[in-house]
Structure formats: structure tokens, C-alpha cells
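Student: Listed below, chain by chain, are the residues.
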Amino acid sequence: MKLTDDEQKMLDGSEGPAVHRAMDLLVRYGEALGAERLVPVNNVCGTFVAAGPMIREFASKGNNAIFSEFNLDSSEQVEMLLVKAYTCHLVMGIDSKHPEMNQGLEETVRIQKEGEKFFGAKGVNMLATCTPYQVGNVPVMGEHCAWMESSAVIYCNAVLGARTNTEGRESTGAASITGRIPYFGLHIPENRIATHLIDVKVPVDDMMDWGILGYAIGEMVEEDIPAFRGLVAQPNMIKLKHFGAAAASSGGVEMYHIPGVTPETRSEEYAFGGRAPLMTLVYGEAERRIAYEKLNSTAKSHDVDFIMLGCPHNSIEQVGLAARLLEGKRLSANTSLWVFTPRALKEVADRSGYTALIEAAGGHVLTDTCPAISRIMPKDTKVVATDSAKQAHYLPAITGVQAWFGSVADCVAAAVSGRWHGGLR
Amino acid sequence: MSTIVLHGRKVVGGVSEGEALVTRETVSGWGGFDPRTGKVVETRHELCGISLKDKILVFPGAKGSSGWSQYFHLARLAGTAPKAILYNRTTTKVALGAVVMRVPAVTDFDRDPLDIIETGDWVKVDADRGVVEITKKSA
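Chains A and B, in that order, give the protein sequences.
Take the first sequence: its position 191, counted from the start at 1, is 191 in the working numbering, and no numbers get skipped.
Take the second sequence: its position 136, counted from the start at 1, is 136 in the working numbering, and no numbers get skipped.
Hints were generated in silico from the structure; no laboratory data involved.
Please read all numbers here as calculations on a predicted model, not as lab measurements.
For each residue, glycine too, the CB sits at the ideal point set by N, CA and C.
Possibly wrong hints are sitting among the right ones.
To be verified - So the derived label-pair ranges between C-beta atoms look like this:
hint, chain 1, residue 1, chain 2, residue 2, range
1, A, D12, B, D128, 38 to 44 Å
2, B, D112, A, G273, 39 to 45 Å
3, A, V348, B, H7, 55 to 61 Å
4, A, D6, B, S138, 52 to 58 Å
5, A, H302, B, S138, 46 to 52 Å
6, A, R229, B, G18, 28 to 34 Å
7, B, H7, A, I188, 32 to 38 Å
8, A, E79, B, K137, 33 to 39 Å
Unchecked claim - Pairs of lysine-lysine residues, derived as DSS-like cross-links and limited to a Cα-Cα distance of at most 27 Å, are as follows:
hint, chain 1, residue 1, chain 2, residue 2
9, A, K97, A, K122
10, A, K329, A, K97
11, B, K137, B, K83
12, B, K83, B, K10
13, A, K2, B, K10
14, A, K379, B, K39
15, B, K39, B, K53
16, B, K137, B, K10
17, A, K382, B, K39
18, A, K9, B, K10
19, A, K294, B, K39
20, A, K97, A, K117
21, A, K113, A, K97
22, A, K300, B, K124
23, B, K53, B, K83
24, A, K201, A, K61
25, B, K10, B, K124
26, A, K61, A, K2
Claimed, not checked - Here are a few chain A residues that face chain B, going by a calculated C-beta distance under 8 Å:
hint, residue
27, N125
28, A299
29, A372
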């Protein structure tokens, strides 16, 4: 790989051992990719605090040890430096403020608080959400980024037109203190054009429709770049957030094109860069039903214990909707309802009265994490209902629960009745 | 005993050998693989319940969460990682995962390893030279 003079000096140790180790990792990683060079980045979203499952077993070694091993892949311990690039923290291991989630997990809370203090002092901004674009980190079109979190990566590329590959914990750590990432994949304009045309034959309108479409398309195209024909209803941020999260769970989609909606897609022809699609696939009634059934394939019992909303983290509009659906109602004695949103938006939910409405019904508003990341759910949860295709995909694999996927209204109704009555309509 | 030789591009250097575990399905890290046991846990995956530990893993590529590298990094520290990985499609997930797993890794083969290698075959990987030598289990 070809390095600039400045990069070569960083690799040689001119900025100390941490930057040396970071450059060493970026060079090994760049060579593994077959990349020719690095590209400057000044927008990094990664994960540093060691409060998640498994990784917290290493936390007693201290935050410099955590940073060296898990953010730089360095067996030699180095001292973390003030970040060079604008860097934000993604989701955490626990909602350190919420007693509902913290029972018996005081040690995890302590690790997280210490980690926040340590990495915060190094310039890592504690957004603590999988949706940095909902709370102020909104890259502009063409901006080179180094983001983790597959649902944020696809949003960053497709909806915002900024450029990032799906980075990992180690590569974002190295990027934070060097301001570099391999110039590969979606950083390169010609790699951003569509490969597969998806001919959508059924209406796609509400959030559930978009989730199912994303889940179906992820399996169909895997790592490729779909462009869509026939999506006539205008989506908003919430729908594209769910759609992207689903497509990045069943497959590895990092970029897509919707003519007239996504910023790099003036037209269908433009999406393919003037070339013919490699393949045209149909999304019709049968494909929709199959994806829906796959999403619900783990669910057997209609008695629901736990309703989870907010994967990816809810926008304030979604928290408001959940609050209105719950107004004047009371959760079943057999269910728990957790609504996840970024902590910055929880503040808005508190001020707007949404948190009070949800709590009056017996639910909770939580922040910082989710059940799949934290592996924390209400005690004895066996059957979950969620409006998130991503959470329905991952929770059964990670925790062994059954999962129902449906609309937010179906989920709230299940929270109130304790029974699942959702379905494909 | 007859052997088949494949040539590819080094991803991570080193030499290793072991029994092949082959899947035509892309593999998840976070949310699809448990580093404590080395087993695939993705509910609808053909390898669900099967351990990758000490295998020569032959697969199309990585999918899913950006926690891919971290989970295979944890597998290295827990001693549950594969001995080597051979794959077709280079993405940031699988490349970074290979780097932090620190096992020999090869891609960009002259022939598709998924067509040639079967689960149970004995596979020698010389990643530095990009050479993979396969001894069929049935031979």
C-alpha cells in the first residue's frame, strides 16, 4: 500500500506508540483488502467503552488495555491519545441511568461510567446510540467517514450520500487517532453504482412494509447494491432507517438507490451508471409473504412477555406515537414494554410528556443500548414482540427467545392484551 | 493420495492445516456466532450449532453486523477461532476480521473453493504464497 510522507512518519512512530500501532493496523487491514492507499477521514463512529457482554470481562485491565487490544488490535499496551478525527460513540452495554435495566448489574454500570469518563476525556463524543444521524452527527454528501453499525452505515451512504464502509471496532479505533481509513469499497465513486434492479410490484408505505422489504432484499442481494423501481410512496427518515437496518441484517447491504429519493440517484439509468443491471429481481406478494414468515419463524406462543420498540433507536416522533397509542391504557400484568431512544431524545420525550404517558401505562423509556446488544431483557422473557425486523432477526439467535415481528400498533396492542394478534395485512 | 492445489491472494500471512468446514451461506459475526463456544448461532443458518473452532473455514464471505471483527477477535482470545479462513468476496468485515483473528487467510482464487473443497477434506494453507492444498476425504 502506498502511504503519504505524513502517513509513513506516523507508521514509523513520529507521533508515539499509539499512532504507530494504529497505522500498523490500518496497513495490515488495507493490504488484506487489497486497497492501494488510505483516505483522510474526519467523522468516525465507533465503540470504545467495554461494558458490553464478553468484552467487560477484560475491563479490569483498564481502559488503555481495552483500547490497545480491541480498538487497535495491539498486543502491546499503549496509551490512548486525544482523538485526531471527530469521533462519536455508538451504543453502549447498558442504560446506566435506568433502574429497570440495572438490577444486579452494578458492576457493568460502573465499568460503563468509568469508560465514558476515560474516553470522553480523549474527545470521544458520547452520543451512545446506533443512530448518530438522529442526534447531530449528519455527514454531508461526499464526506468520507469511518462508521461502524450496519444500520447507520447504510443510512450514511444511501440516504445522506456520505461515504463509509462497514468498519469495525478496531478500524474505527485506529481511524480516531490517525484520521485515516483504507480507500476501498464505497469510498470510491464507481463502487457506489447499483448492481441489481428490484422491481417492486406491491405497495410499500408504512414502517412495517419498509421493514419487510429490507429484510427480503438483504437476502436477495446480500452484499450488492440494489436500485428500486416502483416505490411510489415517499418514505421518511423513520422508514428508511428501518428498511436499511433490515437489509443490513438479513444481508450485508451498505448502499442502495431509490430514484428521486436518495441523493445519488437522479434516475434509474443514473443509478446504474449507464450500464445494464447485473440482474433484475421482483418483489411481489409472494416475496413479501416469505420475508414476513421468515421474520416470524421463531415465534410459536401467542402469549407475549416483552414488547421492544426502538431498534434502531426511535426518533422523537416514534416515541410520541408509542405514547399516544398507550394513552389511557394499562399494560397487561404479564407484559413489559421498553421503548429505546437516544438519551438526547429521551430529554425531549421527558419535556414533551411522552415518557410520563408511557410510564403511566406501565412501560419504560430506555436509552444507550438495546436487548440484542446488552442481552438484558425483563426477567424470564420467553416471547418478544417488536416492530423491528433487525431485532426480530437477532434476538432469537443471541438470547434464544421467540420473536414476533409486526407493526407498532400490533406491538402496543400485544403489550396491553398480553396476546399477539399481529399479521400481514 | 491425490491432492488439488488452488492459488489465491494472501489476506493474512501464515501457514496452517486442518479439516475443512464448508458453507455456501455467508457468515455473521455479532448476532450469528458465539465466541465462547465457537459455534454458529444464527437460527436459519445451515451451520447453526456447528463449531468453527480449529477448522479451515471455507465460505462465500461475511454478512450482518459491524461487530464481525470484534466477535472473531474475541474468538481468538477465547481460543475458539478457525485455524484459517478461505473466502470469495472481500468486504471490510471479513478482511478486518481476518486481520484481528490473526489466522492465515486467502481469497481471490483461480477456481472457486466452494466448488472444490468439501467439509471433511484435509486442507493445507500457505497464505504467504497464496497456495491451498486439498486432500479429498474420499481419496
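Student: Holds or violated: A:K9 with B:K10, Cα cutoff 27 Å?
Tutor: 26 Å, holds
Student: Does the Cβ distance between B:D112 and A:G273 fall inside 39 to 45 Å?
Tutor: Check failed, 27 Å falls outside 39 to 45 Å.
Student: Quick one: are A:R229 and B:G18 within 28 to 34 Å, going by C-beta?
Tutor: Given range 28 to 34 Å: violated, Cβ gap about 47 Å.
Student: Taking 33 to 39 Å as the hint, is the beta-carbon distance of A:E79 and B:K137 inside that range?
Tutor: The hinted range 33 to 39 Å is violated for A:E79 and B:K137, with Cβ atoms some 50 Å apart.
Student: Within 27 Å, alpha carbon to alpha carbon, are B:K10 and B:K124?
Tutor: Measuring from Cα to Cα gives roughly 14 Å; hence the hint holds.
Student: Keeping to a limit of 27 Å between CA atoms, is the pair of A:K382 and B:K39 held or broken?
Tutor: 22 Å, holds
Student: Return the status of the interface hint for A:N125: holds when the least beta-carbon distance to chain B is below 8 Å, violated otherwise.
Tutor: 18 Å, violated
Student: Hint check: A:K2 vs B:K10, CA-CA at most 27 Å. Holds or violated?
Tutor: Given pair A:K2, B:K10 holds - Cα atoms ~18 Å apart, limit 27 Å.
Student: Can you confirm whether the C-alpha distance between A:K97 and A:K117 stays at or below 27 Å?
Tutor: 15 Å, holds
Student: Once the shortest beta carbon distance from A:A299 to chain B is found, is it less than 8 Å?
Tutor: For A:A299, the interface hint is violated, since the closest Cβ of chain B sits about 11 Å away, which is over 8 Å.
Student: When you take the CB atoms of B:H7 and A:I188, is the distance between them in 32 to 38 Å?
Tutor: 26 Å, violated
Student: Does 52 to 58 Å hold as the CB distance between A:D6 and B:S138, or does it fail?
Tutor: Given a distance of about 55 Å, which is inside 52 to 58 Å, the answer is holds.
In this structure, the earlier hints numbered 1, 2, 6, 7, 8, 22, 24, 26, 27, 28 are contradicted, and the remaining ones agree with it.
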